[in-house]
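Peer 1: If you're matching them up, the sequences are chains A and B in order. Counted the way my numbering counts, the first sequence spans residues 1 to 278. Counted the way my numbering counts, the second sequence spans residues 279 to 644.
Treat the hints as calculated values from the structure; they're not laboratory data. Just so it is clear, CB atoms sit at the ideal spot from N, CA and C, and this is done for glycine as well. Some clues are possibly wrong.
[Claimed, not checked] Chain A stretches covered by chain B per the calculated footprint, using a threshold of three residues with CB under 8 Å from any CB of chain B:
#1 67 to 74
#2 203 to 214
[Claimed, not checked] Below, computed lysine to any residue pairings styled on SDA-like, alpha-carbon distance capped at 20 Å:
#3 174/A - 641/B
#4 217/A - 174/A
#5 482/B - 571/B
#6 174/A - 637/B
#7 203/A - 232/A
#8 174/A - 640/B
#9 149/A - 641/B
#10 174/A - 412/B
#11 174/A - 643/B
Okay, here's what each chain looks like letter by letter:
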Amino acid sequence: MSTPLAELSSLLARYYARPDPLPGGQFIDFDLRVSRPVGLRRWVRPQVQFEVDSVRPFEPHPLENAFPMFEWGLNWCIATSAHRHMMLHAGIVAFDDRAMILPGTPGSGKSTLSAALQLRGARLLSDEFGLVRPERIDLLPMPRGIPLKNASIEAILEFAPDADLGPTYPNTRKGRIRHLRPQQFSRDRQDRPATPRWLVFPKYRAGAPEQLRRLDKIEAFRQLAFNCFNYRLLGGVAFQAVTELINSVDCYTFQFSRLSRAVEQLQALAADREPGSG
Amino acid sequence: MMNLLVRFLREPAIVRDWDMAAWNAFVPLARSARLLGRCAYLVEQHGLHAVVPPALLDQMRGALAQTRYVQVQAQRELRHVARLMAREHIPLAALKGVAYLVARLPPCQWRNLSDIDVLVPQQDIARAERALLNAGWQPSGDFDDYDRHYYREWMHEVPPMRHPARETEVDLHHNLAPPVSRVSIDAARLWEAMVEVEAAPGLKLSVLGPADMLLHNAVHLFMNDELRGGLRDVVDFRDLYEHFLGADAGFEQALLARADRLDCGLPLYYAVSTATRLCGLQPGAAVIEALARFAPAAPVDRLMRWLIEQALAPDRLGLRVTGLAHQALYIRSHWVRMPLPMLLRHLVRKWLKRRQPQASIADTPG
Chain A
1 MSTPLAELSS LLARYYARPD PLPGGQFIDF DLRVSRPVGL RRWVRPQVQF EVDSVRPFEP
61 HPLENAFPMF EWGLNWCIAT SAHRHMMLHA GIVAFDDRAM ILPGTPGSGK STLSAALQLR
121 GARLLSDEFG LVRPERIDLL PMPRGIPLKN ASIEAILEFA PDADLGPTYP NTRKGRIRHL
181 RPQQFSRDRQ DRPATPRWLV FPKYRAGAPE QLRRLDKIEA FRQLAFNCFN YRLLGGVAFQ
241 AVTELINSVD CYTFQFSRLS RAVEQLQALA ADREPGSG
Chain B
279 MMNLLVRFLR EPAIVRDWDM AAWNAFVPLA RSARLLGRCA YLVEQHGLHA VVPPALLDQM
339 RGALAQTRYV QVQAQRELRH VARLMAREHI PLAALKGVAY LVARLPPCQW RNLSDIDVLV
399 PQQDIARAER ALLNAGWQPS GDFDDYDRHY YREWMHEVPP MRHPARETEV DLHHNLAPPV
459 SRVSIDAARL WEAMVEVEAA PGLKLSVLGP ADMLLHNAVH LFMNDELRGG LRDVVDFRDL
519 YEHFLGADAG FEQALLARAD RLDCGLPLYY AVSTATRLCG LQPGAAVIEA LARFAPAAPV
579 DRLMRWLIEQ ALAPDRLGLR VTGLAHQALY IRSHWVRMPL PMLLRHLVRK WLKRRQPQAS
639 IADTPG
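Please work from the sequences and hints to get the whole structure.
Peer 2: Below, the structure written as structure tokens:
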């Protein structure tokens, strides 16, 4: 990744720098570049563009949104090419290398829950991509900044006032955004896969009481397949992988509204103190 | 010659000497040429697994998984089209990528494709298009009156169509090259040499005869206005050439005779010389000698070689000279297929309606 934008560089260092500098001779999956287009837009409402393989897949964005644009661009690179893995649309956290998978469509609260759980000591693997190696059914970590959106920014700040949040991006295509920086603990273990143990489908409902319910495995299969980016593309491989994954986890649905209560319940679940469900 | 992808295609064992910087220069070239899957097969064939970075093997496997998927989609689409054409009693031939698949030719193991190209006799094309539209296919883009006029009057195909329930675009042709172009092919002769294949048990259709298939590839390279990723077509050319030659020692002579008959000597010259330089094709001496008479004047030949190399095998991506070479070849591709006044009108028109980015940030995960 290269960029002439100083502010973006320092954000990248903050979110991605490893304590041990990468040894020389590291393989580069994608050579990315984020820069300002030439021309009039250099001065008038300046813009920024994302480039991979010297192609610009997106319209330029306002300069102030360079970091969110980089993050989305990187997600696009992964989503369009990482088909060697099964890609779940899910937040993933781990307790002692045992993973809790939180699949969900936007608005389900998976990012917020992943963020909150990692702020209480769970290891963050990802807030967005559950990368499953189909032949081993384990999950590969990708601890990056969690883009908290709109009201979930305040929810996290209320939950953890000292949360390490990045700058506010008030106007992006997906609303107001601040990125939660993953804790060092998670980043230090980013080369360490985790084994699926719990599958929890979260559903945020304002004002609703927390309810963790066992989910029938066939229904869990249907919902997990639905939340898999490349299920159709991988065909039989994905069918097999989802089947094996479902068979190796306990499945739940989880309705929640109060973040601290929700985190307590999921922590209790992870400690194998299964709370009585409603 | 510096392009690492080309060096790998010509001599895969060369990667034993590569350091990580070389691999990192290689990956964007292979990915943007849509040749990661082809490279995966070369790695396997030459026993090079141990020297390829594991993360790159993952990328290759990912690319192959994606390829398998689009191949299934493409063959399904072809079956839909073939059933409909059978009902309408319109002869149908598969072209290019989907033809390699349905005829089980060597590129089928790794060949990516984004649409299916099919051919019907010229007198049936209006009926074929109507049949597709009546059966639910729709124009797959916003074509204005000019675009429609351009297709109808000047091109060898109708505006691409897509069925709303499926993803694969259908390009319906009545010839391999625009009728107004400098390479004009008598399509009736193609139908005489067709080979019958099955898209499904009992569902028959045709593919071009071996020589015609290579000539189509050559004409396509010679007149294609979208050369990005054109190196893949050159690789197809080499793979098919070697396959047909392996099956029939007289293939090269047949190819030359057919090029004469269809008046495709010049495109074949370019294709053979490009595949030789960029992909390590080794044509027989008789072919080189016979094609020499089609070669353009030496300065033009040198310029074309240079342009094709800059466009198809740049040292790295994003070079300004690559863009210029693409533009020059783009204009040339139109030059060979349109009379001048029409060409100027068309280029101005296309420049005014330049292509928009493919993806939207709003649809990205996160």
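Peer 1: What hints, given by number in increasing order, does this structure fail?
Peer 2: Going through the list in order, the structure violates hints 2, 4, 5, 7 and 10 and respects the others.
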